[in-house]
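As given, the protein sequences belong to chains A and R, one line each in that order. Under the working numbering, the very last position in the first sequence is 267; numbers go up by exactly one each time. Under the working numbering, the very last position in the second sequence is 266; numbers go up by exactly one each time.
Just so you know, these hints were derived from the structure itself, not from any lab. None of these values were measured; they are calculated from a predicted model. Quick reminder that beta carbons are idealized off the backbone N, C-alpha and C, glycines included. Accuracy of the hints is not assured; some may be wrong.
[Said to hold, decoys possible] Computed beta-carbon distance windows for the label pairs:
1. R:R255 to A:S90: 29 to 39 Å
2. R:R255 to A:L87: 36 to 46 Å
3. R:A174 to A:R46: 37 to 47 Å
4. R:V256 to A:Q161: 22 to 32 Å
[Claimed, not checked] Calculated Cβ distances over 12 Å to all of chain R for the following chain A residues:
5. S39
6. A45
7. T49
8. V214
9. V217
10. G253
[Stated by the list, open to error] Below, a sample of chain R positions facing chain A; criterion: calculated Cβ distance under 7 Å:
11. L12
12. S15
13. G24
14. F28
15. F117
16. V118
17. A119
18. A128
19. V208
20. M223
21. V235
22. I247
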Amino acid sequence: MQPRGKTRHLLTAAAVTLAALASVVLVWHLLTAVSGIISPARFPTPLEVGLAVRQIAFDGYSNGRLHEHVLRSVGLVTMGFVLASSVGVVLGLAMGASRTVEALVNPVFLLLRPIPPLAWIPLAIVWLGLGNGAKMMVIFFAAFVPSVINSYTGVRQIDKPIFEAAAMLDVRGWRYWREVLIPGALPSIFTGLRLSLQASWTTLVAAELVGAVAGLGQILNQAAQDIYPAMILVGMISVAVCGWFMTLGLVWLERAVMPWKPR
Amino acid sequence: MLQARLAPSRTAALSAAGAAAFLGLWSVAALAGITSRDFLPAPWDVAERFAQLVVEPFAGYTLLQHLLSSFQRFATGFVLAVVVGIPLGLLMAWFRWIDRIVSPAFDAVRFVAPIAWVPFAALWFGTGIGGPVLIIFMGAFPPVLINTYRGAKNVDRKYVEAAQMLGASHLRAMTQVLLPAAVPSIVAGLRISAGLGWQSLVGAELIVASSGVGYLMVKGQASVSTATVMSGMVAIGMVGIAIDVALRRVQQHIETRRGH
Numbered sequence: 005m006q007p008r009g010k011t012r013h014l015l016t017a018a019a020v021t022l023a024a025l026a027s028v029v030l031v032w033h034l035l036t037a038v039s040g041i042i043s044p045a046r047f048p049t050p051l052e053v054g055l056a057v058r059q060i061a062f063d064g065y066s067n068g069r070l071h072e073h074v075l076r077s078v079g080l081v082t083m084g085f086v087l088a089s090s091v092g093v094v095l096g097l098a099m100g101a102s103r104t105v106e107a108l109v110n111p112v113f114l115l116l117r118p119i120p121p122l123a124w125i126p127l128a129i130v131w132l133g134l135g136n137g138a139k140m141m142v143i144f145f146a147a148f149v150p151s152v153i154n155s156y157t158g159v160r161q162i163d164k165p166i167f168e169a170a171a172m173l174d175v176r177g178w179r180y181w182r183e184v185l186i187p188g189a190l191p192s193i194f195t196g197l198r199l200s201l202q203a204s205w206t207t208l209v210a211a212e213l214v215g216a217v218a219g220l221g222q223i224l225n226q227a228a229q230d231i232y233p234a235m236i237l238v239g240m241i242s243v244a245v246c247g248w249f250m251t252l253g254l255v256w257l258e259r260a261v262m263p264w265k266p267r
Numbered sequence: 007m008l009q010a011r012l013a014p015s016r017t018a019a020l021s022a023a024g025a026a027a028f029l030g031l032w033s034v035a036a037l038a039g040i041t042s043r044d045f046l047p048a049p050w051d052v053a054e055r056f057a058q059l060v061v062e063p064f065a066g067y068t069l070l071q072h073l074l075s076s077f078q079r080f081a082t083g084f085v086l087a088v089v090v091g092i093p094l095g096l097l098m099a100w101f102r103w104i105d106r107i108v109s110p111a112f113d114a115v116r117f118v119a120p121i122a123w124v125p126f127a128a129l130w131f132g133t134g135i136g137g138p139v140l141i142i143f144m145g146a147f148p149p150v151l152i153n154t155y156r157g158a159k160n161v162d163r164k165y166v167e168a169a170q171m172l173g174a175s176h177l178r179a180m181t182q183v184l185l186p187a188a189v190p191s192i193v194a195g196l197r198i199s200a201g202l203g204w205q206s207l208v209g210a211e212l213i214v215a216s217s218g219v220g221y222l223m224v225k226g227q228a229s230v231s232t233a234t235v236m237s238g239m240v241a242i243g244m245v246g247i248a249i250d251v252a253l254r255r256v257q258q259h260i261e262t263r264r265g266h
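Using the sequences and the accompanying hints, generate a full structural model.
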C-alpha cells in the first residue's frame, strides 16, 4: 500500500508545482506582453525568453551554443573546486590536528582570509590575463578559505573521549587520519565544501562577466552589451540551474560518503 | 591524542616564523628580477603605494574617498535588506499562506548568484547608485530573511499560544512575541549578510561603478599596477574586518543582556 500512496503523493506535488509554474508564466505574460505594466525594454516577455533559449541552444550566442558555455563554466569550476578544496581540506585537517602547523600557517591565513573572493579578480587578470589560468586562480582562492576553516573546526569539534580511545588503542599514523580525524571532521568538512562550491561558482561567473571568451558569465556580459533582456534572463537562469545541480551533486556525495548520517 | 597546547612563546615564535617565511619568499620572488616590479611588487612597495593612495587621488579620488563611496553603497543596500528581510521573515513565520507564496520564489531567486544581477542592474539603473545597491541587496537579503524566519519559527509554542489566548493581534504577536525571540538568530544573520553584501559590493564595483575601491582596483589593473590592486585588496579586507567586528560587538552585547 505504501509505495502507491507515495506515488500518489508525488504526483499531487508535481501537479501543484506545474500549476504554480503555469500561473507564474501567465501573470508574467499579462504583466509584460499584454498590459505593458512592465516595459519589455526592461524585462523580457515569456515568448522572447523562449525564442532566446531556442537561439542560444541551436544557433549559438556569444561564441558558442548553450551546452558549450555550460560545459566550459561547469568544467572550470569543477577543476578549480576539486584542486582548491583538496589542498584546503588537507591543510585544515593538519592545522586542526597539530598546533605547530596551526601556529605556523595561521598568520598567512589570517592575511588572506578577509579578502573577498571577488577581490582576487583584478589581480588574476593582471597576472594571468583573461584565459583559463586566471579563472582557476580566482576559483582557487574562493574555494580555499571555507574548506580550510571548516576542516579545521571539524577536527577541533571531535569529542575528547574519541581521541582518548584512539590514544589508548595506540592508533596512529595513516590509520589515525583515516579512522579518527577524517570521519570525525566529515560533517564540518562538507559544510565547508558546500560554501566553497557556492563561492567558486559565484566568483567564476563574476570573473567571466569581467572578461572571457566563453562561459555563462560571458553570455551575461554580451547580452548586457547588446541590451538583450531575454538573453540576460536566460543567462541568469542557466547560472542558477547549474549552481543548483552542482549543489545537488555535492549533497549526493555527502550521503554516499557518510551513510551513517541521519537524513 | 590531540597535541597539547603550546606555550605562548612557542606559538608566537612559530607564527613569526610562518609570517617571515611568507614575506621572505614574496620579497625574494619580487627582487629576483624574473618579472618587473610593476608586475610583482615587493611587500614594502605595496605598503608605500597604499600610503601614497591615501594622500594622492587615483582614478579621481583618494583611497579614503573611494572607501567612503563604497561604504555608502554598502550601507544603503544592507539597510534595505534589513528593512525588507526582517518584516518579511516575521510575516512568513506567522502567516502560513505568505510562507507558501514567498518561499518557492525566494528559493528560485536565491540560486541566482548576486553578481549575475549585474546586467539587469545596468539595464535598469544605468551607472546610478541603484545598480550596485541592487547587487548588494541580492547578496545581503537571503541571510536576513532566512535567519529571521528560522528564529521566529523556533519560538516556544507556549508563548505563541499564550499570546493567542490573550487575544493579541497579528501585529502584536509578531512584534512582541516572534521578534524578541528571534533577535539572536537575526543578529547572527546580519553578520553573514554584511559579509556577503560587502563581497557583492566589490564585485559590483568591478563592473558597474565610476568610484569605489572596486573601481580603483579595475583602474589599477588597467594600468598594470599590481601594487594598486593589492592596496585595494588590503583596504577591502580591513573594512570587511571592521564591519564584522562592529556587528560581533552588537551580538555580544545582546547575548550578555540576555544572560547567555
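Legend entry - Violations among the numbered hints, reported as their numbers in ascending order: 6, 8, 12
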